[in-house]
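Please work from the sequences and hints to get the whole structure.
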Amino acid sequence: MQLRISCVSAREDLDTLSLHKDHHLSTYGSIRLHWLIAEDEADIRNLVAMMCQVWGHQPMPFESGQKAWDWLDKVEKDDYDDTLPAFAIMDIRMPGYRGDQVAQRIRKMDKLKDIPIMLMTAFVLTDEEREEMMESAGVDIIINKPLPDFTDLKTIIDNVIDKRQHAETGNSSS
Numbered sequence: 000m001q002l003r004i005s006c007v008s009a010r011e012d013l014d015t016l017s018l019h020k021d022h023h024l025s026t027y028g029s030i031r032l033h034w035l036i037a038e039d040e041a042d043i044r045n046l047v048a049m050m051c052q053v054w055g056h057q058p059m060p061f062e063s064g065q066k067a068w069d070w071l072d073k074v075e076k077d078d079y080d081d082t083l084p085a086f087a088i089m090d091i092r093m094p095g096y097r098g099d100q101v102a103q104r105i106r107k108m109d110k111l112k113d114i115p116i117m118l119m120t121a122f123v124l125t126d127e128e129r130e131e132m133m134e135s136a137g138v139d140i141i142i143n144k145p146l147p148d149f150t151d152l153k154t155i156i157d158n159v160i161d162k163r164q165h166a167e168t169g170n171s172s173s
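Mapped onto numbering that gives the first Met the number 0, the consecutive letters of the sequence shown carry residue numbers 0 to 173.
Any given hint might turn out to be false.
[As the list claims (entries may be wrong)] Think about it this way: if two alpha-carbon atoms lie no more than 27 Å apart in a straight line, the pair counts; the simulated DSS-like pairs of lysine-lysine are:
#	residue 1	residue 2
1	Lys-162	Lys-110
2	Lys-162	Lys-144
3	Lys-107	Lys-76
4	Lys-144	Lys-66
5	Lys-153	Lys-110
6	Lys-112	Lys-73
7	Lys-73	Lys-110
8	Lys-66	Lys-110
9	Lys-76	Lys-110
10	Lys-76	Lys-66
11	Lys-66	Lys-112
12	Lys-112	Lys-153
13	Lys-107	Lys-162
14	Lys-112	Lys-144
15	Lys-107	Lys-73
16	Lys-107	Lys-66
17	Lys-66	Lys-153
18	Lys-162	Lys-112
[Unchecked claim] Between beta-carbon pairs, the in silico distance windows are:
#	residue 1	residue 2	range
19	Pro-147	Arg-92	14 to 24 Å
20	Glu-127	Asp-78	35 to 45 Å
21	Lys-162	Asp-109	14 to 24 Å
22	Ile-155	Gln-57	13 to 23 Å
23	Met-108	Thr-168	17 to 27 Å
24	Asp-161	Thr-82	12 to 22 Å
No lab work stands behind these hints, which were simulated from the structure alone. The beta carbon of each residue, even a glycine, is placed where N, CA and C say it ideally should be.
Put into structure tokens, the structure is as follows:
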């Protein structure tokens, strides 16, 4: 594996966000989704959380895979009474549990098993590594860092959510 490092200007991205504040409602209309965001890099976690809010949704940020895992423990024990996430975006490499490990656990939980899951990484994965991780972890997509620009990322996320919703609708009508 190779590591790709790129400096992302959070200020430029936030300026872009402020220019697009009216462009926040997607195909979900006025539905406010909760997003599980697990990312150990504070700048990226905060940027994704900000984008989530600009698009009209509620971020649920976690600073490590371990913290997300601990939260999943609460959900499994019915010790969490707030809204569950309808989408998850997680870094692959984080302290504690990796994003793909958290995704595997989500897929085994009745309450969360059908949510769309996106993983992100600064590492270059071969096609085989990417396909194996997507299959074993049950993720819908893996994207590379640096993250795409605001509009492209929104399009990618909308497509992942729409595809998962259509798959559920197709499965329920069979």
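Is it true that the CA of Lys-66 sits at most 27 Å from the CA of Lys-153? 26 Å, holds
If you draw a straight line from the CA of Lys-66 to the CA of Lys-112, is it 27 Å or shorter? 19 Å, holds
Mind checking the alpha carbons of Lys-66 and Lys-110 for me, to see if they're no more than 27 Å apart? Answer holds: Lys-66 to Lys-110 is near 18 Å, not above 27 Å.
Hey, Lys-162 versus Lys-144, does the alpha-carbon distance stay inside 27 Å? At roughly 22 Å apart (the allowed maximum being 27 Å), Lys-144 and Lys-162 satisfy the hint.
Check whether the Cα positions of Lys-76 and Lys-66 lie no farther apart than 27 Å. 16 Å, holds
Status of the given 17 to 27 Å range, CB of Thr-168 versus CB of Met-108: With Cβ atoms ~21 Å apart, the hint holds.
Verdict for Asp-161, Thr-82 (Cβ pair) under range 12 to 22 Å: For Thr-82 against Asp-161, whose Cβ atoms are near 20 Å apart, the range 12 to 22 Å holds.
Pair hint outcome, Lys-112 versus Lys-153 [Cα-Cα no greater than 27 Å]: 22 Å, holds
Quick check on a hinted range of 14 to 24 Å for Lys-162 and Asp-109, using CB atoms only. Cβ of Lys-162 to Cβ of Asp-109: about 21 Å, so the range 14 to 24 Å holds.
Lys-107 paired with Lys-162 [C-alpha distance capped at 27 Å]: Distance of about 20 Å is within 27 Å: holds.
Within 27 Å, alpha carbon to alpha carbon, are Lys-112 and Lys-73? Given pair Lys-112, Lys-73 holds - Cα atoms ~16 Å apart, limit 27 Å.
Given the hint of 35 to 45 Å, check if Glu-127 and Asp-78 actually sit that far apart at their C-beta atoms. Since Glu-127 and Asp-78 have Cβ atoms about 39 Å apart, the given range 35 to 45 Å holds.
Hint compliance for this structure: no hint is broken.
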